[in-house]
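Asker: Sequence:
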Amino acid sequence: MDNIYYQDHVRTESPDVDELTQFVRNNYIFGLVFILLTLVMWLIFAASKWHPHRTLPFSIYYLVITIFLVMVTLNCIPKMASCSPCKWILAVVIVLCTTIAGCVIIDRVGPLSAFLVILGVTIVIIVLNFSGSKCPQDFLPGGVCSTMLMILLLLLLISVGIAQLVFNSPELLTTFVSILFIMVVIAILIQAQFNHGRLTVVEVSPPEHQIICALTLYLHTMMFLFCICYFVQVE
Numbered sequence: 319m320d321n322i323y324y325q326d327h328v329r330t331e332s333p334d335v336d337e338l339t340q341f342v343r344n345n346y347i348f349g350l351v352f353i354l355l356t357l358v359m360w361l362i363f364a365a366s367k368w369h370p371h372r373t374l375p376f377s378i379y380y381l382v383i384t385i386f387l388v389m390v391t392l393n394c395i396p397k398m399a400s401c402s403p404c405k406w407i408l409a410v411v412i413v414l415c416t417t418i419a420g421c422v423i424i425d426r427v428g429p430l431s432a433f434l435v436i437l438g439v440t441i442v443i444i445v446l447n448f449s450g451s452k453c454p455q456d457f458l459p460g461g462v463c464s465t466m467l468m469i470l471l472l473l474l475l476i477s478v479g480i481a482q483l484v485f486n487s488p489e490l491l492t493t494f495v496s497i498l499f500i501m502v503v504i505a506i507l508i509q510a511q512f513n514h515g516r517l518t519v520v521e522v523s524p525p526e527h528q529i530i531c532a533l534t535l536y537l538h539t540m541m542f543l544f545c546i547c548y549f550v551q552v553e
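Under our numbering, think of the first position of the sequence shown as 319, with each following residue one higher.
No lab work stands behind these hints, which were simulated from the structure alone. Note that CB positions come from ideal geometry on N, CA and C, so glycine has one too. There are no misleading hints in this set.
Simulated crosslink set (SDA-like; lysine to any residue; CA at most 25 Å straight-line):
| no. | residue 1 | residue 2 |
| --- | --- | --- |
| 1 | 452 | 336 |
| 2 | 397 | 338 |
| 3 | 452 | 525 |
| 4 | 367 | 377 |
| 5 | 405 | 525 |
| 6 | 397 | 344 |
| 7 | 405 | 391 |
Taking CB as the label site, the calculated pair distances span:
| no. | residue 1 | residue 2 | range |
| --- | --- | --- | --- |
| 8 | 336 | 483 | 44 to 50 Å |
| 9 | 503 | 377 | 26 to 32 Å |
| 10 | 383 | 449 | 27 to 33 Å |
| 11 | 451 | 481 | 33 to 39 Å |
| 12 | 474 | 404 | 31 to 37 Å |
| 13 | 471 | 384 | 21 to 27 Å |
| 14 | 481 | 442 | 28 to 34 Å |
| 15 | 456 | 375 | 47 to 53 Å |
| 16 | 406 | 386 | 18 to 24 Å |
Using the sequences and the hints, build the whole thing.
Answerer: Rendered as structure tokens:
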């Protein structure tokens, strides 16, 4: 595609290959742990027939805003992302908020459908991350055109989201989720390239990027899962 932010046979000298390999391994390990924590909590909620999202004294949107603000904090304040107590506390906050927010979709889909969707999403996420890490980058997003497309989609997403809050229309909600789904797929492919050190526009710094990349992998997986669950529920 339009991927100009890489050099196919040139990788940044820092970090070295061993450090980068460990960085990639940790991303998937931490991301998998976060995902498993969410799945385990969903199983506990289902077994106990407890619906935590129904007991919240505030709107579910506040959880989404909290997740967004925490990720912005980690990205904008590098010391927070590399400080062990702070980064793990913030990671727990994100996982808890995502898990509780996701209960809304999981409850509507049902346990069996949710289980089947999770299996399917797992396979698709593996394929997308493998594609981003191994496929020729000429065929992957990550350049000027795809960046502009993501900006346009983001603006459209915000506009549709505001309209949905005002009019509470099922059609607008479906449009919102569809746009989000497209953005998530593109973002997964771009993030996979970055995680594997294939994008030279930003130099990988494991101490600062480790928790951010792991949480991004987790959030991309959850958003992809929520979108599919929504489409299943609509059908």
